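Chain by chain, the residues run as shown.
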Amino acid sequence: MARVSAGVTTSHVPAIGAAIDTGKTGTDYWAPVFAGYEFSKAWIRDAKPDVILLVYNDHASAFGLDMVPTFAIGCADAFDPADEGWGPRPVPTVQGHPDLAWHIMQSVIQDDFDLTVVNEMDVDHGLTVPLSLMFGQPDEWPCRVIPFAVNVVLYPPPSGQRCFNLGKALRRAIDSFDADLNVQIWGTGGMSHQLQGPRAGLINQEFDNDFLDRLVTVPAELAMMPRVDYAREAGSEGIELVMWLIMRGALNDKVRELHRFYHVPGSNTAIGHLILENR
Amino acid sequence: MALHKPYIDIPGTTIFDADMARRGYHLNQFCMSLMKAENRERFKANERDFLDEWRMTEEQKQAVLDRDYNRMIGLGGNIYFLAKLFSTDGQSFEQAAASMTGLSREEYRQMMLSGGRTPEGNRYKGETK
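These protein sequence lines map, in sequence, to chains X and V.
For the first sequence, the working numbering assigns the number 1 to the initial residue and increments by one for each residue that follows.
For the second sequence, the working numbering assigns the number 280 to the initial residue and increments by one for each residue that follows.
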């Protein structure tokens with residue numbers, strides 16, 4: 001059967017992608033960010049996932065305001081990098097895993113989470129920057145990726161509680177897939193950041209580090225935090241952190257924290273990163 | 280009954296909720312159109328003509344022409360849609376964010392390098408540090 005072996009969380013700041021794509025990872029500004037992922041690149045070379053269920057948010061790339069699905073699963077064979085206004089990132093096309101994606105869709109909807117099925121979709125920096133951080137610049141991504149898009153752009157996004165419960169449903173779906181697959185689940189976005197208005201640039205290191213601690217040790221309690229607390233404490237775009245709870249819900253109650261990294265700033269954002277292994 | 284908005288007392292912040300999304304629909308969809316290279320070229324060639332193809336209010340069009348991002352957000356624009364506009368101008372999220380704070384790009388960058396804007400005094404309207 002398929003098994004969920006590990007979870008990864010990471011911020012997905014677009015400027016990180018630009019730094020990689022333009023060869024600026026060694027500058028004084030960016031070198032400390034990429035140093036935080038050296039462990040992770042070595043770890044994932046050995047961990048060798050077959051499939052990554054990658055939870056991210058689309059940033060008005062595949063979904064405008066004409067359609068806004070709260071939860072959408074990419075069931076296609078492949079997904080191209082999106083043109084977000086400066087041309088597509090020069091990264092490989094993402095190869096999906098339709099068999100598992102359709103299985104998850106069928107399982108999770110019967111488990112009361114109404115997913116939107118997406119068969120044609122370009123994927124933006126929310127999905128490709130985490131892949132670049134973990135895998136560098138390969139000619140092809142080394143594993144299959146199922147994009148799982150969460151609306152955190154149009155208020156209200158799903159609550160932390162709903163995201164945590166969805167993670168548990170995703171876990172049940174993966175556990176019941178009849179193939180020997182090593183599956184990782186990633187939760188991306190965050191940590192504290194605000195990109196708009198006179199309060200832009202808000203960073204809350206105390207909130208972020210507390211979130212990292214509690215995500216590992218008491219996620220069920222963390223999941224109860226109301227939406228407005230994310231916006232007030234972690235900035236209007238800090239609400240992306242609810243996606244980390246989807247990842248956490250899909251892991252065991254007890255996990256082993258293999259790696260943690262936190263750095264300010266990456267452009268406007270606090271960069272946070274965890275690798276958690278199921279115990 | 281009006282929608283409950285527990286977030287309206289957060290200072291310097293516009294939450295992109297149902298009311299804002301309705302107000303900004305055409306402004307945001309105009310921004311989406313800039314994901315296509317040919318639309319970017321047409322917009323750059325004559326911004327006014329391109330904007331006139333969209334059912335935006337005159338106020339929204341003027342805010343775009345002025346690149347007044349706070350104004351665009353006040354008129355229903357969302358930052359991830361507006362990103363298509365500042366990307367078309369060759370600007371980064373950092374530059375666009377700085378323009379909304381009243382700081383110069385360099386001052387904003389220095390603030391971020393020093394740990395960012397503190398939440399202290401910035402959680403509630405009328406709160407002082």
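Everything labelled a hint here was simulated from the structure, so no lab data went into it.
Treat the hints loosely; a few may be bogus.
[As the list claims (entries may be wrong)] Facing chain V, from chain X, some residues (calculated, C-beta under 8 Å):
1) Trp86
2) Pro90
3) Gly197
4) Ala231
5) Ser236
6) Pro265
Keep in mind it's a predicted model, so treat the numbers as computed, not measured.
Cβ atoms here follow ideal geometry from the backbone N, Cα and C, with glycine treated the same way.
To see whether the hints hold, each was checked on the structure:
The beta carbon of X/Trp86 is positioned within 8 Å of a beta carbon in chain V (closest approach about 5 Å), and the interface hint is therefore held. Taken as an interface hint, X/Pro90 does not check out: its beta carbon lies about 15 Å from the nearest beta carbon of chain V, beyond 8 Å. Checking X/Gly197 against chain V by beta carbon gives a least distance of about 5 Å; that is within 8 Å, so the hint holds. Using the Cβ-Cβ criterion of 8 Å, the hint placing X/Ala231 at the interface with chain V is satisfied: the shortest such distance is roughly 5 Å.
Evaluation of the X/Ser236 hint against chain V yields a held restraint, the C-beta minimum of about 5 Å falling below 8 Å. Checking X/Pro265 against chain V: minimum C-beta separation of about 4 Å stays under 8 Å; hint holds.
In this structure, the one hint that does not hold is number 2.
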